[in-house]
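Asks: One letter stands for each residue in the lines below.
Number of protein chains: 2
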Amino acid sequence: MQGTGQAAPQAEYAPTDRTVPTRAPQRASYDREAVHAILDEGYLCHLGFVRDGAPVVLPTLYGRVGERLYVHGSTGSRPLRMTGAADPGLPVCLTVTHVDGLVLARSAFHHSINYRSVVVHGVAYEVTDPEERRIALDAVVDQVVPGRSADSRPANRKELAATAVIRLDLQEVSAKVRTGGVNDEPEDLTLPHWAGVVPVQKTYATPLADADLAPGTELPAYLAELTK
Amino acid sequence: MQGTGQAAPQAEYAPTDRTVPTRAPQRASYDREAVHAILDEGYLCHLGFVRDGAPVVLPTLYGRVGERLYVHGSTGSRPLRMTGAADPGLPVCLTVTHVDGLVLARSAFHHSINYRSVVVHGVAYEVTDPEERRIALDAVVDQVVPGRSADSRPANRKELAATAVIRLDLQEVSAKVRTGGVNDEPEDLTLPHWAGVVPVQKTYATPLADADLAPGTELPAYLAELTK
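Protein chains in written order, with the UniProt record's numbering: chain U, 1 to 228; chain B, 1 to 228.
Don't read these hints as lab results, they were simulated from the structure. Glycine residues also receive a C-beta, built at the ideal position from the N, C-alpha and C atoms. Any given hint might turn out to be false.
Think about it this way: if two alpha-carbon atoms lie no more than 20 Å apart in a straight line, the pair counts; the simulated SDA-like pairs of lysine to any residue are [as the list claims (entries may be wrong)]:
# : chain 1 : residue 1 : chain 2 : residue 2
1 : U       : 202       : B       : 208
2 : U       : 228       : B       : 100
3 : B       : 158       : B       : 132
4 : U       : 202       : B       : 217
5 : U       : 202       : B       : 100
6 : B       : 202       : U       : 158
7 : B       : 228       : B       : 208
8 : U       : 158       : U       : 126
To give a feel for the contact side, a few chain B residues facing chain U, derived at Cβ under 7 Å [said to hold, decoys possible]:
#  : residue
9  : 98
10 : 100
11 : 197
12 : 198
Working from the sequences, and respecting the hints, build out all of it.
Replies: This is the structure we're talking about:
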């Protein structure tokens with residue numbers, strides 16, 4: 001983490017009361033690399049915060065830079081406005097989930113899904129440092145398509161003024177993972193119901209180019225690679 | 001809605017302070033059929049609640065029956081325990097999001113995603129009526145694979161005792177949808193960056209049968225249809 005001003009990380013996040021699940025503890029992990037891998041495979045999170053005592057959960061994009069997550073949005077959007085107004089910051093919960101398969105057991109009770117999720121608890125702070133804001137905005141774009149920020153026009157002064165950025169440090173973090181097959185009761189194995197796993201995949205279809213591309217503009221290699 | 005004890009619904013949910021977005025109001029919808037369609041295409045939600053003043057967002061399965069959403073889980077899991085203990089119910093926010101495409105603009109600022117989401121605000125109540133619990137548990141299984149609950153062993157007394165069910169009525173609800181192409185500034189159209197939309201698709205791979213299927217058990221038609 002040289003040069004980022006962040007301390008060298010331990011291999012695991014320290015569990016806390018909030019990150020130790022009340023059940024299925026064998027599915028929980030605090031492994032830093034496992035957490036990073038789940039976060040890096042996604043770009044959409046569900047961000048929770050409290051407004052007037054009630055929970056609010058909104059889908060939004062994020063970017064990871066080392067041990068920091070960034071979320072951006074209009075300066076007029078609710079959580080970003082609340083963070084800017086909040087001192088010392090806005091308590092949030094940021095969750096990322098990938099579905100890998102439908103687990104169909106012989107018994108209704110043992111139906112499940114295979115998934116990988118990361119839940120981050122913490123306090124979000126507005127980022128005001130221009131250089132950190134630039135890094136954060138690039139990270140959010142590159143989280144969706146790696147390499148994309150270098151192949152687009154950077155935000156200008158007016159756009160930057162309209163954009164709020166908040167940061168959430170990866171400190172109170174856990175991953176939860178279910179893999180494998182069905183877990184039916186031994187006495188159910190002779191039932192005539194089909195059982196197994198239906199894998200779920202996320203794929204990209206052929207990119208649809210804008211009608212007004214500048215002459216000679218080709219699909220870049222990083223997009224051809226992503227969607228092949 | 002005959003026989004369900006629910007009133008005949010209006011075509012639109014009534015907007016409230018919580019469901020009118022602070023920005024991009026043209027993307028918001030209160031249309032009941034649109035909301036149902038988004039909910040029915042999914043089975044995984046992100047459920048938010050407040051614990052010790054801080055937000056918690058957990059991925060979980062849901063099922064829709066008319067104007068009611070059901071979530072189930074172990075009686076030992078945190079939100080379900082909190083709902084059972086809470087009187088009069090637990091304030092929650094339940095959000096479902098589908099990503100349809102990556103919107104890559106020439107400018108970093110206009111990058112976006114095409115998506116459809118539904119956000120439900122309300123108070124969740126524990127369901128104790130045996131018949132409603134049965135309907136709810138079937139709905140959660142059928143939300144993942146339509147028709148599946150009829151082709152599995154129903155929960156027995158012990159399993160039912162271990163399962164909590166909570167209900168959230170569809171009252172304070174909004175959908176938010178972004179569709180279409182890039183929205184670049186006119187002066188950016190001559191920039192040499194590729195721009196367009198990369199469609200995102202969720203697909204199923206070939207079902208993997210459990211090794212111990214009872215002799216003669218074939219892949220049922222509803223699964224062959226789902227994964228073809």
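Asks: Determine for every hint whether it applies to the structure shown.
Replies: Taking the hints in turn, this is what the structure says about them:
With a C-alpha separation of about 18 Å, the suggested pairing of residue 202 of chain U with residue 208 of chain B holds against the 20 Å cut-off. Taken as a hint, the residue 228 of chain U and residue 100 of chain B pair is honoured in the structure, with Cα atoms around 17 Å apart against an allowance of 20 Å. Taking the CA atoms of residue 158 of chain B and residue 132 of chain B, the gap is about 17 Å. The hint holds against a cut of 20 Å. A threshold of 20 Å between alpha carbons decides the hint, and for residue 202 of chain U with residue 217 of chain B the separation of about 29 Å lies outside it, so the pair is violated.
Only pairs whose Cα atoms come within 20 Å are accepted, and residue 202 of chain U paired with residue 100 of chain B is accepted, the gap being roughly 11 Å. A distance of roughly 37 Å separates the Cα atoms of residue 202 of chain B and residue 158 of chain U; the hinted pair therefore is violated under the 20 Å criterion. Taking the CA atoms of residue 228 of chain B and residue 208 of chain B, the gap is about 14 Å. The hint holds against a cut of 20 Å. A distance of roughly 18 Å separates the Cα atoms of residue 158 of chain U and residue 126 of chain U; the hinted pair therefore holds under the 20 Å criterion.
With 7 Å as the threshold, the beta carbon of residue 98 of chain B stays out of range of chain U, its nearest partner Cβ sitting at about 10 Å, so the hint is violated. Contact between residue 100 of chain B and chain U, as hinted, is not supported at the beta carbon level, the nearest pair being about 10 Å apart and thus beyond 7 Å. A hinted interface residue such as residue 197 of chain B counts as satisfied when its beta carbon comes closer than 7 Å to some beta carbon of chain U; here the least separation is about 5 Å, so the hint holds. Contact between residue 198 of chain B and chain U, as hinted, is supported at the beta carbon level, the nearest pair being about 5 Å apart and thus within 7 Å.
Checked against the numbered hints given earlier, this structure breaks hints 4, 6, 9 and 10; the rest are met.
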